[in-house]
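Chemist: Residues per chain are reported as follows:
Protein chains: 2
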Amino acid sequence: MSEAVICPNILDLPGSRIRVVTRASADIPNMIKLWFGEGDEPTPVFVREGAKAALDRGETFYAANRGIAPLLQAISDYLKRGYDAEIGSDRIVVTASGMNAIMITIQCLIEPGDSAVIIGPLWPNGRSAVRAMGGEPRDVYLQPQEDGRWKLDMQQLFDACDETTKLIMINSPGNPTGWVATEEELKQILDFCRERGIWILSDEVYGRIVYSGAKHAPSYYTLAGPEDPVVIVNSFSKSWSMTGWRLGWIVAPPRLCTAVEKMTEFNISHPTTFVQWGGVSALNEGDDYIDGLVERYKRAADMVYQALAPLPRVTLGRPEGAFYAFFALDGLTDSVELCKEIAREAQVGLAPGVAFGPAGEGRIRLCYAASLPKLSQALERLVPLLK
Amino acid sequence: MSEAVICPNILDLPGSRIRVVTRASADIPNMIKLWFGEGDEPTPVFVREGAKAALDRGETFYAANRGIAPLLQAISDYLKRGYDAEIGSDRIVVTASGMNAIMITIQCLIEPGDSAVIIGPLWPNGRSAVRAMGGEPRDVYLQPQEDGRWKLDMQQLFDACDETTKLIMINSPGNPTGWVATEEELKQILDFCRERGIWILSDEVYGRIVYSGAKHAPSYYTLAGPEDPVVIVNSFSKSWSMTGWRLGWIVAPPRLCTAVEKMTEFNISHPTTFVQWGGVSALNEGDDYIDGLVERYKRAADMVYQALAPLPRVTLGRPEGAFYAFFALDGLTDSVELCKEIAREAQVGLAPGVAFGPAGEGRIRLCYAASLPKLSQALERLVPLLK
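Residue numbers (full-length UniProt numbering), protein chains in the order written: chain A, 1 to 387; chain B, 1 to 387.
Here chain A stands alone, though its shape is the one from the complex (with noise of 0.2 Å):
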């Protein structure tokens, strides 16, 4: 008798470290969960309606691998609405959300020599797809500065970059940090990326959550042309609160959507039929919801700002973009520990910073998607416990 074997690269690839917590934490009541990247709101009705009518008109079929030809359209009509960007459908793919694409464009980029830098911290899961495909995962980590923002240093970018380099993952505005990107940055690596034949794959999904004002952060849809070496991921979760529904697309030059869109088949086939309808409404009539959910999302970093940067202990810079608080904490070493202690002493859910990279240990990621008395009722709990 042979024992039959698991791949030792999955076996190998860390679990989520804010999954650790949150099991541990399973059982504690009235818990206020602000580990997760979403918020305590249910999608809105208008796009539930949506998905509830496609239902009822029987929209149960297969459908085509590259999304179904009307919220391709959508897609395309609201980049050129919020971005002002020409997309037309032979540069988008519809996908299963925003990690499936990050999966099935690695899958199309990625193989066993090649490697991928990762600008950090960041997310981990995009790294964990580049290790399951077999290349090598670089860290790139952003600066801190002094008043608690980040920085790029672009040399170190690029010289992390050598001949087995395929891709360069970019996450604006990030999860955790809130980096957002300068146009001028971008357009440096573009430049790069160019001369070099090397893919860039950005992540956008926060792309509609900044405070400058602007309507959108600095983003690919404008700055990348048709055949630009350039993916762009983006999802419904985060600006139409849609986490649940795993939808999302890339806009990536043709050749390489025909290629995501073969390989679709072979992951998942097609995001399901109906879910795809309420993609098509949240696109259509949502637009408003975002206005408001930004609006809520700036004050509600005010609030997490106003309690957090005053204390001697924590080191936080005023968040630029998407929906997290990721804030150093004096003396910190085990951030899994103390977000276990946290969740027991306070009955509030954090991410370990480390569950981001070792650059993120000394620090706690605090999501504030949630609604605001909730998040009130958060801080009163927290700040106790980080003076």
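Calculated from the structure, these hints are not laboratory results. Check before you lean on any hint, since a few could be wrong.
[To be verified] Once the Cα atoms are required to be at most 20 Å apart in a straight line, the calculated EDC-like pairs of lysine to aspartate or glutamate come out as:
#1 A:Lys80 x A:Asp288
#2 A:Lys187 x B:Asp147
#3 B:Lys187 x A:Glu3
Position chain B relative to chain A; hints supplied.
Modeler: Just chain B, lined up with the frame of chain A:
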């Protein structure tokens, strides 16, 4: 300037040969489409209502990677009721379709240098998933018998395995062949795989669709123990008419479930939350629905057999399971061209045999899951062209 590259093994993957026919026939009016593996009736109302109620309750948040607890319980109950199998939730992971289950399983089991032995002719996507992960698929073809049925040469199967072989892929009842493995055959394969440390990936999505009067086809649900190297793939698509929902599950040893759960996080995080509630309704309220469906498919199988088997050019065995007639046609050498011609001349959409591997050339696949009046009309149009 350098061009950023896409992985050659992904570019080399063949696209679907069925889609070649469907794309060429897109503008033909009044087509009766029997080319995909689905019927023409939407998902039953009680399942759609289950998902709609979940939407109304606000089940739109992130969920556990492994699937929501009520669905894990419903799967366990269903397997007890339908198969008399005791399978706890430590051996179940919910997936976003059977395809997604196959892809994630292959991610866990196949790396470059590994081979997978595939019993064909077979729906080609599992083969493509093996290739996408850098593995080598090896085909072992069922032998067509004089009566049109299929037979597995067990020695040929075992001889195809060597020390690189990590996996045997089996699909019984089979798409496109309708072949149903006997319990004795499944046991022989299991004994071999236990001895050699080879995984069995048993695609049982048609497991309930058999015409012998038995409640289910011979199945590893009843034959494999909790620690046996067996992964059973199932799907809601076929038995509950939920193709567009993208929902399925695996049953596997706990150690593999842990790996699949982890990789689910890096592929899709989890299947759509309220879609899973539709799955709960399907399982808990759907037993009568399945019985009625199988009864109808049995009549459809008879109708197709009686119409096509007597034709001099046609060789077709009486289908034992699944819902396809995979008939040989004397003198046929280009099934793609013939399917295009049939679409043009008779407005009936069929799948070319070569889509299921080289051993499928000379054949055509007809899916008889459509409602009986539509199927009858399709046969009336089709028979004159096959004479």
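Chemist: So which of those numbered hints doesn't the model satisfy?
Modeler: Result: hint 2 breaks, nothing else.
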